[in-house]
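Colleague: Sequence:
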Amino acid sequence: MKNLFATALIGLSSTAIAENVVKSSPLSVAETIDGLEAAVTGAGATVFARVDHAAGAESVGKSIPDATLLIFGNPALGTLAMEDDLRAGLVLPLRVLAYEDADGNTQMTWSPAEDLFAGLDIAPDAEVVAKVNGALNALTDKAMSAN
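The sequence shown begins at 1 in our numbering and counts up one residue at a time.
Rather than coming from a laboratory, the hints here were simulated on the basis of the structure.
A portion of the hints provided could be inaccurate.
[Unchecked claim] Computed cross-link-like contacts, DSBU-like style, restricted to lysine-lysine with a CA-CA straight-line distance of at most 30 Å:
1. Lys131 / Lys142
2. Lys23 / Lys131
3. Lys62 / Lys23
4. Lys142 / Lys23
[To be verified] Here are the simulated distance ranges between beta carbons:
5. Phe48 / Asn20: 31 to 39 Å
6. Thr79 / Ala102: 35 to 43 Å
7. Gly134 / Val60: 23 to 31 Å
8. Thr79 / Ala138: 33 to 41 Å
This structure is a prediction, so every number in the text was calculated from the model and none was measured.
A virtual CB, placed ideally from N, CA and C, is assigned to each residue, including glycine.
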């Protein structure tokens, strides 16, 4: 019984931890997020929020490396996902985090669409999955060339 419980926990933990996409940026965190915001709006999508986590930590007397989250979406893509499963609204709009790593380099990270939509009635090989992943890759590439 103990082994069965341990096996179940290991199985749950491996499915709960998604493998995020990580892309290095030659720019600062602020420049990377500025570039991403420009790329998103230039593509006709909407920026909903820009969350400066380091400033939030500072506001409570704490310190963390520079880290900013951009939350954005495009109804053309989001609607495709939500037509398949309205619960996609739990993971949309999209999010990309730019942060300073332990070596002082800027990284961008996000969850791939197949992980975002896992557990929903959206097949991993659905057209919307490829479109979301393609958009995230293109926008993050453009973010680094916008400055």
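Colleague: Now tell me if each hint is right for this structure.
Modeller: Comparing the hints with the structure gives:
1. Lys131 / Lys142: holds, 16 Å
2. Lys23 / Lys131: Holds - the C-alpha atoms of Lys131 and Lys23 are around 18 Å apart, at most 30 Å.
3. Lys62 / Lys23: Answer holds: Lys62 to Lys23 is near 27 Å, not above 30 Å.
4. Lys142 / Lys23: holds, 12 Å
5. Phe48 / Asn20: 31 to 39 Å: Cβ of Phe48 to Cβ of Asn20: about 20 Å, so the range 31 to 39 Å is violated.
6. Thr79 / Ala102: 35 to 43 Å: holds, 39 Å
7. Gly134 / Val60: 23 to 31 Å: violated, 38 Å
8. Thr79 / Ala138: 33 to 41 Å: violated, 19 Å
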